[in-house]
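Novice: Here the structure of chain A is known, so what remains is to put chain B in place on it, guided by the hints.
Line by line, the protein sequences are chains A and B. So in my numbering the end of the first sequence lands on 390, straight run, no missing numbers. So in my numbering the end of the second sequence lands on 390, straight run, no missing numbers.
Because the hints were derived from the structure by calculation, they are not lab data. Even glycine gets a Cβ: it sits at the ideal position worked out from N, Cα and C. One should not assume that every hint holds.
Said to hold, decoys possible - Only some residues are given here: those of chain A computed to face chain B with a beta carbon under 10 Å:
hint, residue
1, Q129
2, R271
3, L371
Protein chains: 2
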Amino acid sequence: MLFSQRMAGVRRSYIREILKVTARPEVISFAGGLPHPESFPVQAVAKAAADVLAESGPDALQYSTTEGFAPLREWIAARYRERHGIEVSADEVLITTGSQQALDLIGKVFLDPGDGLVVERPGYIGAIQSFSLYGPDFRPVTLTEKGLDCTELERVLKAGGVKAMYLVPSFQNPSGITYDLETRQKVAGLAAEYGALLVEDNPYGELRFKGGAIPPIRKFTTGPAILLGTFSKIVAPGLRVGWLVAPTEMRDKLVTAKQAADLHTSSLTQRIIHRFLTDNDLEAHIESIRSRYGAQRDRMVAAIHERFPAGVSCTEPEGGMFLWVTLPEGISARKLFEAALARNVAFVPGRPFYLEEVDNTFRLNFSNASLPAIDEGMDRLAACIREHLS
Amino acid sequence: MLFSQRMAGVRRSYIREILKVTARPEVISFAGGLPHPESFPVQAVAKAAADVLAESGPDALQYSTTEGFAPLREWIAARYRERHGIEVSADEVLITTGSQQALDLIGKVFLDPGDGLVVERPGYIGAIQSFSLYGPDFRPVTLTEKGLDCTELERVLKAGGVKAMYLVPSFQNPSGITYDLETRQKVAGLAAEYGALLVEDNPYGELRFKGGAIPPIRKFTTGPAILLGTFSKIVAPGLRVGWLVAPTEMRDKLVTAKQAADLHTSSLTQRIIHRFLTDNDLEAHIESIRSRYGAQRDRMVAAIHERFPAGVSCTEPEGGMFLWVTLPEGISARKLFEAALARNVAFVPGRPFYLEEVDNTFRLNFSNASLPAIDEGMDRLAACIREHLS
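With the rest of the complex left out, here is chain A (with noise of 0.2 Å):
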């Protein structure tokens, strides 16, 4: 009676409660989805910061606009015709208060109960969190090695009643997995062809490394496309600043949103990641960003491969932060994970990845563990592994 009914299917985040249980010093922790702090660029940050303040105090601490820092917003749309060339206007790029606000004002924005929403299967869990605030139906369509499985989608999109589709196709989270070239024409096309709105998710898109760069599904559609972006893997997500890009009449409400959700994201921290990426080389940054992860990443998948018994198999991702593990049918994660918390080793069941009952799978992080880290996490867990097979 006390809380609206938007409220009654919505429980906490079941990773972070996770989290809770994982945070003891003694485990070996694969579970977050954490930056490795070494990679935080802690005293280019403080000097952008003391240059901020000491500049133009006064305006970083007063009120600003709801679409964001202006400098900020044209370095965004610059990078976008630099990197993709994609041509985007710094008019259509709002600053959000990480890309985690854009899924919340996506979800305000166009999602009326019961508008059908294509999702990954599996899923990124903040977003499908997020949106199941507003009551979406949703339509959750197989992602395979080379991204979503297209048949499938041809069949939900012809279904009926589709208003948007939620993609993360690069280095996905929680699988690692990305979409190649000929799947993001193909999703292209259907999109544009059955008028569905594409939300297309990049937080880990500049954390390649392997293989070569693919452009976003953006630049093959026709139709109607928000892009999402965050600062929080290449510069730190404690200042929590994301943005979305996306035509002038979306754009607008969008701003509406946002204005009734937080005004704006804080004038300092957008300046002072203006600040750093203007002052320093964000290029030798981001490549010592990956090539970390990268060691982390090949260790973690060597250990698999070496130590894992058959059976089990593993994404191999190009970029990004997780890799997913598949176990053999009928074998349960979440009890594989309460035996592995015992043997002080952790990660994250796939089982809330997913809209129904799957529970062969689960996620592990390496951005954020060392390589002796790694090595004995999975030396311990593929003890477990082996021991709950057998």
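Specialist: Showing chain B alone in chain A's frame:
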């Protein structure tokens, strides 16, 4: 078809549209709601930022808990105990991205379409906009010089269906009115009697420059209550750090909604504020703001008494940032606004603060104007009103 039904009735903030028109440098504007930039403790914030990044840089840049930075929550709880004798535990405090976000979270967690929501008449436009996305049935209750009209309030509550009441009892925006002690006690009693959730917002409470302190309504109620607060007016709004205080079960649901909304408020700005509060003489800082705003308020009220024609009245706030002018019946503040803008002086017409057609009031902001600007601007405005009335 593209946008959700909830967006149909929502427009961009009227005030933000007005601010664009009044931003020309030759306009003396009393329209905004900005703190005075000279009141920002720029150097102390810069010192706090440098210390935080030097001493706990990786933590300040990493993801953190949705609930907020624990020492900051402790500080807030302690201040309620010390200033108001209200027992608040840190566990009940949720840090929000400005107190605007608290409004959105409360709407999301408590309001179903059609739920009765008591708001003040005139009321805070940012709250009306934010709540309206959740489709409540607004039940405006008239604000008198002593606070909410309790006879009217009881009639509204008796009629049934009221889920919650949103009130700003100290130096209200837009009116500058402060509820007296008796009204607070009566409102507390009525809220508890009818089981309405009391949402008590207090952005300006620390900015009292006349009269004695009066405790929050929450102190007198035995019913469900949520307190909102912000550092925007005593430190700086550009940091986007506010809070809410709610009993545990409610706080839990609000945390879930916040996870979905933006994961957490910037770790860096939370720590900067906490460091600022710990290392500086906050009382002296607030006293300097009070003294500035008090002088500006006095000058503005004196100008109204001396120069505005008979039949025009105003509130005489004991704190805060706004006062409220009432024109004789039938005189349009929106027409006056056009005439005033032609003379390069601006205010916000009262219309958007009401849910019905009322056009003979307007809001003046005194926090953001220098004394010479107040002298000159009030001269221009007085001339406009005299012309307009004749």
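Novice: Check each numbered hint against the structure and report the violated ones by number, ascending.
Specialist: Hint 3 alone not satisfied by this model.
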